[in-house]
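Q: So the protein lines, in turn, are chains F and H.
The opening residue of the first sequence carries number -13 in the numbering used here; numbering runs sequentially from there.
The opening residue of the second sequence carries number 56 in the numbering used here; numbering runs sequentially from there.
Among the clues, some could well be false.
To be verified - Quick partial rundown of chain H residues pointing at chain F, CB under 10 Å, derived from the structure:
1. Leu68
2. Gln72
3. Gly73
4. Asp91
5. Arg95
6. Lys213
7. Cys216
No lab work stands behind these hints: they were computed from the structure.
Each residue gets a CB set at the ideal place from its N, CA and C atoms; glycine is no exception.
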Amino acid sequence: MNMPPGESEAAERQALLALDRGDRKAALTLLMESYGAALYRYCRQLTADDDLAQDVHQLTFVKAYEDLNRFARRSSLRTWLYGIARHRCLDALKQKRRRERRFELVEEPPEQCDATADAEAQLTARDLSRVLDKCLERLAPQIRAAVLLRYREGFSYPDMARICRERSATLQMRVRRALPLLRRCLEEHGVSP
Amino acid sequence: MTACDRFEREAILRLEQGRALDEHFATCPDCRQAADAYQRLQAGLASTGAAYQPRPDWQARTWAAIARRRKRRRWLRTLVPAAVGACVVALVLIPQLPRTPQEPGIEVKVLPAGSAWRGAEAGLGDRLLLRAQTGGARHAELRVYLNDSELVLHCCCKPPCIRDHETLRAALDLSSRGTYQSLLLVSDDPLPTPVAGLDGDAGQALAAGARVEFGETVRVR
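Working from the sequences, and respecting the hints, build out all of it.
A: So, in structure tokens, the structure goes:
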């Protein structure tokens, strides 16, 4: 679950006050408590890999701690954290793909939903959330990130543009392309949204 | 009859852009059905990934990682200046370190009294310049024989020879016509005294275990 907006704003304020006092440790502790779980989920959904998600999640907070003194306050701390996480996740995915290509372990994941539903997904076809997780994993990482930021994390397009360092219009197009793919993927798994 | 797909083609993007939809979407049954489906899809997306939770000790692990990185950075802050210092010291010291001795050898040049170079041909009044590498031998001598018989230069470490570590240099004014043959003799044992002309002296030195290097012959016409 995402934090309710009121609590999130209070946590932001307290973290910024801690930064004003020069207390980076307190600020990071607040960020960990406020956004740690949601950020982990985001990393896990974006990387589709438990180990990678744990590494990237940890690295996100390590980098945040190192850069907190330079936080320019042009966005919320939450937006800033998601920006670090997204960058690290995509980087980790690139490295993973490179490794996989080198050792030829698996094929590159297709950008679109796979037409053949696997047996496991068929069994859980009524569980919209679980099947959606599967379908999300089959989107290209950049598109998946946009969908997750928009509908899972509830960011506005201007905030998403800051996180992804891309234009809002580009991100809107990504989401627009992704939704029909997800719908079809669900239908192929026997789930009608 | 084909279902209307305007919702997918137009409405999704318009809604993402925060723009209003036209009348068609309120009345077209296919589009209304699609709108409901996408609303459910979006609601479903908002609850995905609920099972993914970080490890219970993730905060402690993150603090430990931060501490490790700080420690490593402290080391780097110490090591980088130390490495730079070591490089500077090495740059200063390396030219002064003892070098592997070069093979013994002798180089002969003629410095003309006039302005023209004449290679191995020389004229009266020119200067013969000798430069030899002793190869780290304990004893080294430069000798120049005129017409293979008369020893016109013989020195080791005093003028006209100049010894600088493993280099032995000497100069000789070419005051007579004839053939000047320069020799470098090196040995770890004392070298035999020259007495019998070029062939005899070289043979004697070789017999005593010395190494004899011949320089280029210079003719003075």
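Q: Would you mind marking each hint as holding or not holding in the structure?
A: Structure-based check of all given hints:
1. Leu68: OK, holds: Leu68 (chain H) within 10 Å of chain F, min 4 Å.
2. Gln72: Status holds, d = 6 Å.
3. Gly73: Holds, because the Cβ-Cβ distance from Gly73 (chain H) to chain F comes to roughly 8 Å (cut-off 10 Å).
4. Asp91: Asp91 (chain H) check passes; min Cβ-Cβ to chain F is 9 Å, inside 10 Å.
5. Arg95: 4 Å, holds
6. Lys213: 69 Å, violated
7. Cys216: This interface hint is violated because 66 Å lies over the 10 Å limit.
The structure is inconsistent with the numbered hints 6, 7, although it conforms to all the rest.
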